[in-house]
Every structure is written in C-alpha cells, then in structure tokens.
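Residue numbers (our numbering), protein chains in the order written: chain A, -4 to 94; chain B, -4 to 94; chain C, -4 to 94; chain D, 3 to 320; chain E, 3 to 320; chain F, 3 to 320.
Quick caveat, the hints were computed from the structure, so don't treat them as lab data. Do not rely on the hints blindly, as some may be mistaken.
With beta-carbon atoms standing in for the labels, derived distance ranges [what the hints assert, rightly or not]:
#1 C:Gly40 to F:Asp96: 15 to 23 Å
#2 D:Ser125 to C:Gly40: 51 to 59 Å
#3 D:Ser62 to E:Gly229: 45 to 53 Å
#4 E:Arg231 to B:Asp18: 36 to 44 Å
#5 F:Gly229 to B:Glu67: 37 to 45 Å
#6 E:Ile237 to C:Gly40: 47 to 55 Å
#7 D:Ser128 to A:Gln14: 40 to 48 Å
#8 B:Asp18 to F:Arg226: 46 to 54 Å
#9 F:Arg226 to E:Ile79: 39 to 47 Å
#10 E:Ser6 to F:Leu13: 27 to 35 Å
Computed, partial: chain D to chain A, Cβ under 7 Å [claimed, not checked]:
#11 Pro277
#12 Ala278
#13 Arg281
#14 Pro285
#15 Ser286
#16 Val293
Note that the Cβ used here is the ideal one computed from N, Cα and C, for glycine as well.
Each chain, letter by letter, is given below.
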Amino acid sequence: MSSTERQLLTIIAEAVLEQRLIDLVKRLGAKGYSIGHVRGEGATGRAALDFAGPSVRLESVMTDEVVDRVFEALAADYFPHFAVVAWVVPVRVARPERF
Amino acid sequence: MSSTERQLLTIIAEAVLEQRLIDLVKRLGAKGYSIGHVRGEGATGRAALDFAGPSVRLESVMTDEVVDRVFEALAADYFPHFAVVAWVVPVRVARPERF
Amino acid sequence: MSSTERQLLTIIAEAVLEQRLIDLVKRLGAKGYSIGHVRGEGATGRAALDFAGPSVRLESVMTDEVVDRVFEALAADYFPHFAVVAWVVPVRVARPERF
Amino acid sequence: MIASIIVDNLLTAPVIAFVVAGLATLVRADIRLPEPLYAVLSSYLLLAIGIKGGRALGLSESAELWRPLIAALALGIITPLLAFALLRRVGRLDTINAAATAAHYGSVSAVTFTVALATLEASGQSVEGFLAGLLAVLEVVGIVVALALARDRGSSDGWTEALLEVIRGRSITLLLGGLVIGLAVGDERLAPTDPLFVSLFTGALTLFLVEMGVVAAERLRDARDAGWRIVVLGIVIPLANGAIGAAAGSLAGLSTGGTAVLATLAASASYIAAPAAVRIALPSASPGLYVTASLGITFPFNVILGIPIYLAMAQVLT
Amino acid sequence: MIASIIVDNLLTAPVIAFVVAGLATLVRADIRLPEPLYAVLSSYLLLAIGIKGGRALGLSESAELWRPLIAALALGIITPLLAFALLRRVGRLDTINAAATAAHYGSVSAVTFTVALATLEASGQSVEGFLAGLLAVLEVVGIVVALALARDRGSSDGWTEALLEVIRGRSITLLLGGLVIGLAVGDERLAPTDPLFVSLFTGALTLFLVEMGVVAAERLRDARDAGWRIVVLGIVIPLANGAIGAAAGSLAGLSTGGTAVLATLAASASYIAAPAAVRIALPSASPGLYVTASLGITFPFNVILGIPIYLAMAQVLT
Amino acid sequence: MIASIIVDNLLTAPVIAFVVAGLATLVRADIRLPEPLYAVLSSYLLLAIGIKGGRALGLSESAELWRPLIAALALGIITPLLAFALLRRVGRLDTINAAATAAHYGSVSAVTFTVALATLEASGQSVEGFLAGLLAVLEVVGIVVALALARDRGSSDGWTEALLEVIRGRSITLLLGGLVIGLAVGDERLAPTDPLFVSLFTGALTLFLVEMGVVAAERLRDARDAGWRIVVLGIVIPLANGAIGAAAGSLAGLSTGGTAVLATLAASASYIAAPAAVRIALPSASPGLYVTASLGITFPFNVILGIPIYLAMAQVLT
Ligand SMILES: Nc1ncnc2c1ncn2[C@@H]1O[C@H](COP(=O)(O)O)[C@@H](O)[C@H]1O
Ligand SMILES: Nc1ncnc2c1ncn2[C@@H]1O[C@H](COP(=O)(O)O)[C@@H](O)[C@H]1O
Ligand SMILES: Nc1ncnc2c1ncn2[C@@H]1O[C@H](COP(=O)(O)O)[C@@H](O)[C@H]1O
Ligand code: NA
Ligand code: NA
Ligand code: NA
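So that you can see chain A by itself, here it is in the shape it has in the complex (with noise of 0.2 Å):
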C-alpha cells in the first residue's frame, strides 16, 4: 500500500451532543466519519451525564489542518461546559483522496 499519512481523530463526549460534533467536523472539512457509542467515566463522573444514553465515540481520519480547526472548536466551544475528551494518531491510508 502507499504510505500516505492521515490524522485519526477519536472523540468522546457526552450524548446529547452527537449531531453537533457530527455538524462540526462536517463544516470544519473531515470528508467522513464514523460513530459509536461507549460508556466510562472520566472527570465529569458518570452519573451526571449517563441520563441521555451513552456517550458517543466518533472517529474521523482527516488531514493535519482539519484536525487543528477541529482541535480548536473543540477547545473553544464544548471543553469548557461539556464532558468530551479527544485524542489524535497518525495513520496509514490508502485512497488519500478520500480523507
């Protein structure tokens, strides 16, 4: 395969914002994304947030800079008040263009 580098970006937040971290990394240029869905614990404790279902587990490959700008949305918009974490790794992709 050729060794084409992408970001994966995985992040887990509190159910309620599913379709808005769906709309975000949307906008901000991911070309795809998946979702599932997980329960933990973390800061926030996990009784507080549970009462809407578990919480969502996207991921979306994407370049360097999609991954900053949602990097930074995320920091701005939903770190402060909301239970989310987000992690990012290097990955090999096949089909670049598709990311």
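We have chain A; now place chains B, C, D, E and F with the ligands onto it with these hints.
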C-alpha cells in the same frame, strides 16, 4: 512491557460485507480480530447503505506482511464497488506470537 | 493544539472481566476510560466465551507509567487464564493534565 | 383517608415494582433490565398514552376542551416561576442553576402521569381522555418559560436549538403521533390493536418501573452531594405545584380523577426532555443538581406518596 | 367502490400509523422507534405469519395446494421479467441496474403481505392460510430469475453466494421455521401461544409501520436523485404485477381474499432480502436506485393505495 | 405410558420451537432472533416466574413450606457431589474441571424449569406455587457446594467474589424481586398485569426457545471436542439427579406435578449463573467443557426427553 511492534488495521465497511471481511483477514493470516458496529458517512452517502443495518468496524492486530496482503485484497475486490475505508497504525503489544 | 503525548491502551477481553478491568485501570492510575462491546476470535476460540455476552473493549488514555503498570498486572493476573489481548499507541492530546 | 389512598396506590403492581427495584439497588443487587428495554418501553408508553388520548378526544366535544387547555397553559407559566423563586430563595442557587432546575419542574414526567392513570383506574376513578394532549402542551411550555428566565439574565445561547430539540424530540412526537393515530383511526377500528396498546399497558408500566427504580435509586445516592436544601425542595416544590394544579383543575371543571391527574402533571418533574434541552441551552448549569432533584427525589416522592396526596387534594376541591 | 375500499384500508391502525410517521418525518420530527425494536418486530411478524400459515396448512387438503403453488412459480418468473423489460425500455436503465431492480419486484415484501391480511381481516374477508408458504416461494424465485438475467449478460460473480444468502437468511428461515412449528404443533396445542402470536399481531404491525413510515419517508427524499422515470415505474410496475397476480389467483381457484393477497404479493417489492442479495451479486448496481424504488415509492404506494386496488381487482376477477 | 408423555411434551409449542430452531442451525440456516431479544426474554421469564411464585406463596400456608425447603437444600448438596464423583471417576476429569462442571449440575436452569411448568400446565397438572422460591435456593446452593470442593483442594481464588456475583446477579435478583412483588401486591391487585405476565408467558417461552435452539445446536457441534465421556455424562447425570429429585419431592409431600418439577430442577444444569461464577472462581477450568455439557447436551436432553421422564418418575413415586 516488551515493545514489539505490530500493525493495527481498522476497516469500516457496509454491513453486508461482515462475514466476507472476517473470512478475508483470517485467510490472509490474521490470528484474531474484533468486530463492533458504527454508523457514519463518507463518499458513498449514508442513505444508500444503511438498509442492512449499521456498518461493520473490524479491527485486527497483525504483522506487516499480513497487513499488506489485506490491503491489496481490499483494493482489488472491495474498494471499487463497496463502501469501505481502512487505516493502519503501528501498535506495541505483549505476547507478539499471538498476533 | 499542544502536542503532548500520552498512551492509548486498548484492552479486549471476555465479558466477565468488565468490572475487574475497570477497577484495575482506575486503581493503577488511569483518570478515565471508555467501554464498548465487540465480538471476535483469537487464540481461545469464539464459542467457549460468548455465553456471557459480547466481549469488552476498554480504551484508556494514560501516562507511560500507568500503561506499564497496567500491562504488568494484565500479564500477571489475566493473560494466563483469560481471553485478553491488549495494545498501546502513542496519541496526542489537549489538556494533558486530564489523562 | 389519605392513609388509605396511599396504601391503595402503594399496593399497585407498578408502584411496588418501583419500590422493590429501588431497594434492591440500594443494597447493591443488580436488578437492572436489559438496556434496550428501557427505550422500547418508554416509546411504547408514550405512543399508547397518545393513542388512548386521541381516541378519547374523538369522543369529546371540543367545547369541553378550552378551559382545561387554558388551565394547562397557566400551569406551564406559574409552576416554573414558583419553582424558580423557591430554588433561588430557599435553595440558594444562582440564576443559571435555578432556571435550569425550574425547567424540570415546569415541564412534566409522562411516567408519573401514567402511574397516576393506573392508580386511578385501579380505584375505579374515570379520567378525561384529552389529558394526554395537555401533557404534550405542559411538557413544552414549562421548559420555554424557565429557559426564558435564564435568557433574560443573558446566559443562554443554544436557546432556539434547545427548543427545537424538545418540540421535535421523540417524547413529544410519539405522544402527538399517538394522539393523531388515535383520533384518525377512531375507537372502533382501533379494537384489533387493543391487546397491545390497552391490555398490556399496566404490565408494561410495571416492567418500566423496575428500571425506573434502579435509575432513581442510583440518583438518590447522589443526593448527598446536592445538599439538603435540594432534597427538601424536591418534595416541597411538587407539593406546591400539585396544589396549584389541583386548584386549576377544579376551576377548569375537570372531574375528580381529571383534577388529580392535572395536579400530578403540575407536580411532576421532567427527567428526559428537560435535561436534554437544558444541557444545550444552559451548559454551565450542573446536571448533578437538576437530574438528582427531578429523578432522585421528586420522581420517587410523587410515585410513592405524591399521587395519593394529589388525589386527596382533588377530592377536597371537586 | 374502490374509493370506499381505499378509505376502509386507509383507516386501519397500521396504515394510519404509517402515514402519520411518514408525515412527521417529512417535517423533520423524530418519531423513530428505538433501533432494536425494528429487528425484533420484523422477526416476530415473520414467525407469526409462518405459524399462522403452518396452522392453516395443517387444516388444508394437500390437493388444494397444487394450483396455487404453480401460480406462485409462474408469478416468480413473469413478474421480474416484466419489471426488467419496463426498467430497460421505459426506465432506460442499463442491464445491471435493471436486473438489480427487477430482483426487488420479482421478490416480495412480507410486511406488505401482512398489511393486506390485516386489511382483509378488518373487512371480514377470509384468506387461504397456505399463502404464507407461497410468500416463501415467491421471495426466492423472483430474485433468482432476475439475477439470472444479469448473469446471462455476464456480470454477476457472487451469484451462488447471493443465493445462499437469501435461502439461509433470516427472513426465509423464520418464515419457514414458523410454518413447520405451526404444522407440527397443530391448531389446538398452539392455543396457549395465541396471546403472543395472534392477539398482539395487529398491534405489533401498527408499531412496525411507525418505523416503516420513517424509513420510507427518508427514502422518498432520495427519489429526486433517482429521477421521475423511476418514480413512475415504482407505481406502474406494482399495478401491472398486481393485475397479473390477481389473474393468476383467480385461475388457481383462490377465494376473493386469497386472490387479493396473491395480487398484493406479486405487486409488492422486496426491501430486505433482495437488496442484500443484489448488493453481493451485482455490487456495481446502484442501491440508491433500487432501494429508493422499492422502499421509497412502491412500499408506500402499495400500503396506502395498492392493496385496496388489488382487492378491487380480485373482486372483479373472482 | 412414558412414550405418550414424551409425545405430549414434544408437541408443545416451546419444545417444537426448540427442535426446529436447533435443526435449522445444524443445517447452517440462520434462524437466530435479534440479539436484544435474548436478554429481554430471559429477564421477562425470570420476573414472571417470580411474580407467579410470590402470588402463589401469598396463598400458601407457611407450614407447607418447611419440608420442601429442606428437600431443596438437601438436593443442593447431594446433586453437585454426585455429579462431581461421576465426572471424576467416569468422566476422568481433574479436580478443577470436575468441580467446575459439578457446579453447573448442582445449580439449576430456570428455562428448563419453565418448560416443565408449561408442559405440566398443558397436561392439566397443577404445581405448588412456591417452587419458584426453591429455584432461587437451588440456584445458589449447588454452586457454593461445588466451588467448595475445588477450594478444599486449594485452587479457587475468586471464591467470595464469585459468590457475590451469583447472589447479586440478575438471575437471582429478578427472580427474588418478582417473588417479593407478587407477594406484596397480592393475587387480586395483580390482575391488571396478567395480560403481560400470565397470558404472554407461553408465547414468550416459545420465542425464547427458538433462540435456545440455536445456541444449544452451536454447542452441540463442540461436543466432539469434549469427548464421548462428557456426552454420556451429560445424559446420565441429569437422569441420576432427576431420580433423586423425584424421591426428595415425594418425601417432602409435594403433589405429582410439584414432584416432577423438583425432579426437573435437580436434573437441570445451569448455563448462565454457574458459568459466570466458575469463570471467576476457577479460571483455569475449561469453559469448552462445562458450557458444552450443560448447554449442548443436558439442556436439549432435558427439554426433549428428560422432562417427560421426570414426570413419569413423579407419577410412580407419588
Ligand atoms: N483517559 C480517558 N481515556 C479514555 N476515555 C476517557 C478518558 N477520560 C474520559 N474518557 C471518556 O470521556 C467521557 C467524558 O470524559 P470527562 O469529560 O473527563 O468526564 C468519559 O465518560 C469517558 O467515556
Ligand atoms: N474519513 C473517515 N473517517 C472515519 N470513517 C469514515 C471516513 N470516511 C468514511 N468512513 C466510514 O466508512 C463508511 C463507508 O465510507 P464510504 O465508502 O466513503 O462511503 C462510512 O459510512 C463511514 O462510517
Ligand atoms: N489479533 C487480534 N486483533 C484484534 N482483536 C483480537 C486479536 N486477537 C484476539 N482479539 C480479540 O480478543 C478476544 C480474546 O482473544 P484470545 O484471548 O486470543 O481468544 C477475541 O475474542 C478478539 O475479540
Ligand atoms: Na411539572
Ligand atoms: Na413482487
Ligand atoms: Na441441577
């Protein structure tokens, strides 16, 4: 821990491919795999695919040779007609003989 | 974003271990974790394990020290008798104090 | 008299199921039902309530409806304001948290409503069918009014978004969808669906309250963090709102059963629609506070003691 | 006459539920039922239809069965060929896409079949019990014939794989499993299961059609991309196939009700078994085309208008 | 006589459903029900059995209960010991694996119990209501005794953990929760929940046995790896334990139906609570062995042939 490297391959694909992808990675030498389910969007458009249920998210830790073989097979048989994306990350594992 | 590195540990294990693994990573210093469910195959064979439901997929972003401690504990108490695999990837995070 | 009504309410299958599951959870036994059942049963209950309401609506004169509708609107305005005032003064909450919590008390809990219906049915009281329609009205209005309080004080962004979330959300849509289905199909042609939507209703509610018992008990554990003022208000606010609701019901000319149900609606606190809306509109408010109050304190209080009290109020006032 | 049959069909609970949920979705309200319910209800419906059929089969003479079976086989050959011809000529689709879509019209929709049964029951018409067996036959044959068309033209690889997928897939297995259970247990000993498999049937169908309303409405939105020719054919093909089915039913000596149901089967388009098989056998065909046609156009057409039309056809022909 | 009882048992809907689903799976057809249904139905069955038991308990004299309770405790001690001896001697298993497997035979299968109830009901036999309570006792005691065997021989760590897992686990909690609900609410006030917990019971069991047929058939495939000794013991142990159970039942003064059910309980092998406990307490034991034996061999044997045999034993002994 020992710092042996292996490759973590993640494949996301439309639901009808589930059994076929399992057979593929096993046939080409993967010693294990895990399957979860996600919903998402990409180049294909959501609506045309989810009639068969959520997409498959297959992950498998494998050797470099196996990952190359799987990628070739994906490119030959699945990328052209099916909704499939895949990416690879190097991971550290214990008990490398298990992968 | 700041480019602080942390380690993302992924553990896949048979269902009965769910609560035990959560307790383990918390006790050894992880500040958070997320749990999803998968089905798969590995060295143990599928049939002998899934009576208790789908396997656990735990992921937790942690410091290098914590990841080493967790791996040691896994090797001592879980690898010998239980169906468990684990791998580690370095990830970039924002707000490193949260992990 | 109240004692006997309380016993009558307590000994119904749904309420006992709630109590047993709650106690089991408090002693750390796992009586949780499988996850998908929660969502399935709550959708079923909403749709079934809606269908029942629409069916009854089809048999009512529209002239009967105006006064109860006005009563519901009035309650949707008064109850969150009263809750807000109490939460500010007695509860000592800041504006944001007081408004966030008031939204829950201004809105309603469909499950509490349903338990009231089951209790009244068990005691042979009849209830006006159109009350399910008022449930939908009250669910929205109370949230709007409370969020407006916070907005006036300049601290809500997601306001319209939050509102759309409530109005287009599943709980309203299933209820209204059921109403329309019930109304359009009509009493007679609905008969073949009765085994599902009528006969199974109380059993399904019983099953659902097993799950609610678990969830409420888990919340109750958090009550310590919320503080005793919240615990007290979690009982005082529903009693106050229930009294106002009973008064409104009797003024609107409802039957004793209908008045008891309207009082229950006024007294009940939302724990699905309101938290979701508030989380968006007032993200800085603390869910630990408002979810604990509505789900951990007020919900069990209403189910176990409140409903018989509101029924007694209704009997006095009608 | 047709007008009154249409109204009778429209006002049943399942059809109204479908319409209400579809309209709600078109105005972007979320009336979707929880995800697990979809799979659970569709398994339940298939098993219940099967059991009902097997039970009736146990009470039938096997001599009655030959002519309807031949009729079904004939329909399984004729209807996909007719659909293919129309899709090529009128629809201007290439061979692959025409064959892919024809597989859907050659196969059947168990839910459409079920709505027809409920409608006929509501109007007091009796129906031959063994029709559930014909449903299983038709489900497979039509797909095979259409895929053979594409294969002849050299463009299907996953052919046997696709076929096994259909034959061993859940929808056939649950239906046939139910048939065998119904046949083996027999009418009398099945009585204790009646509260689940008989009494709840119409209610469960109503609930299922809420979900189908959502899904079909989402598909309908895609109709614009598919083009007006597909929209027209999504109505013309079922009408043509329905007429052929009605003729076949009356030739096979079925009752009026049975003829109407066979016509409905012929007219209905698969949206579960066929898409899965076609996706494997003809991966280059466009799902946006065939799923939109069968689920977004033909399914709602049949449920709302088609079934009463096929019943009218049956009344004329028997 | 046994032949006719076997046929009577075989031809009930739940048993035929089990057989049909098992055969379908053996020929690789996919008749699996959607995943969430498995968990939902098993919770429902446990709760419904519990409620039924609690209701009957409320109508019993407590004096009647002592002797059956002692019989159950005795069975909880004797049956795992007998199983252990057979598995060591005849099965040639090491201590750990023998104890692990014995825990399954010492414990019970609520579904096997339920099939026995349905069979007896179909044949008009009445059964003491309090047996559901004995089910809860037997479920725990047998596991404890067998794990104690392994512990004595120095090889169990997770012992208390494993025990808490069983006692606080869902299957015990739902059963006991149901008992308390049934007892507290009482026969009369439970009536509104009958459509769910009584009428639907046999149908739900039938549906559940479809799923069990799939699961058991998958296990049966693994039987080859487990060896023929395990296969033979998977039939001999339940027959031996069943005979002891029948003797205990008649000594305890149970009715014929009650004796047959107690025998069935003694004969049945756990495949939910025991595997989970054993996996924790004896992680080095092989699940491929004990799950195959209890789920792949003993469960189908009991459901198809065992229950009528235990009924015949009960008829001889009472
Ligand atoms: N260190 C972590 N590793 C993995 N997931 C985490 C971690 N911290 C938090 N999470 C997930 O993110 C959610 C919200 O985190 P928080 O905002 O810290 O409460 C939690 O419920 C977890 O599911
Ligand atoms: N950039 C991406 N990141 C993560 N998941 C993706 C991405 N692109 C596509 N996917 C997933 O892969 C599926 C098929 O993609 P596609 O073939 O592009 O339609 C989508 O439904 C998504 O779930
Ligand atoms: N190479 C692998 N890649 C991904 N997941 C694996 C791999 N091997 C095992 N697993 C998962 O870990 C579980 C237990 O593995 P094992 O202990 O090897 O049976 C399996 O059921 C899989 O879900
Ligand atoms: Na209220
Ligand atoms: Na057709
Ligand atoms: Na036993």
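Cross-check of the supplied hints:
1. Separation of C:Gly40 from F:Asp96 is about 20 Å and conforms to the stated range, judged on CB atoms against 15 to 23 Å.
2. A beta carbon spacing of about 58 Å between D:Ser125 and C:Gly40 agrees with the range 51 to 59 Å that was offered as a hint.
3. Distance hint check: the CB atoms of D:Ser62 and E:Gly229 are about 47 Å apart, consistent with the given range 45 to 53 Å.
4. For the pair E:Arg231 and B:Asp18, the supplied restraint of 36 to 44 Å holds, since their beta-carbon distance comes to about 39 Å.
5. Between F:Gly229 and B:Glu67 the beta carbon distance is about 42 Å. The supplied range of 37 to 45 Å therefore holds.
6. The hinted range of 47 to 55 Å is satisfied by E:Ile237 and C:Gly40, whose Cβ atoms lie roughly 52 Å apart.
7. Against the hinted window of 40 to 48 Å, the Cβ-Cβ separation of D:Ser128 and A:Gln14 comes to about 42 Å, which satisfies the hint.
8. Taken as a hint, the range 46 to 54 Å is violated for the pair B:Asp18 and F:Arg226, whose Cβ atoms sit roughly 23 Å apart.
9. At about 44 Å, the CB distance of F:Arg226 to E:Ile79 agrees with the hint of 39 to 47 Å.
10. One distance hint, 27 to 35 Å for the beta-carbon pair E:Ser6 and F:Leu13, is violated here, with the actual separation near 45 Å.
11. Given hint, D:Pro277 at the interface with chain A, holds; its Cβ is 5 Å from that chain's nearest Cβ, closer than 7 Å.
12. A distance limit of 7 Å between C-beta atoms decides the matter here; for D:Ala278 the minimum to chain A is near 6 Å, and the interface restraint holds.
13. Hint status for D:Arg281 relative to chain A: holds, with the closest Cβ pair at about 5 Å, below 7 Å.
14. For D:Pro285, the shortest C-beta to C-beta distance to chain A is roughly 4 Å, which falls under 7 Å, so the interface hint holds.
15. Residue-level restraint check for D:Ser286 holds (minimum Cβ-Cβ distance to chain A is 5 Å; threshold 7 Å).
16. Residue-level restraint check for D:Val293 holds (minimum Cβ-Cβ distance to chain A is 5 Å; threshold 7 Å).
In the structure shown, a violation is registered for the earlier hints numbered 8 and 10, in ascending order.
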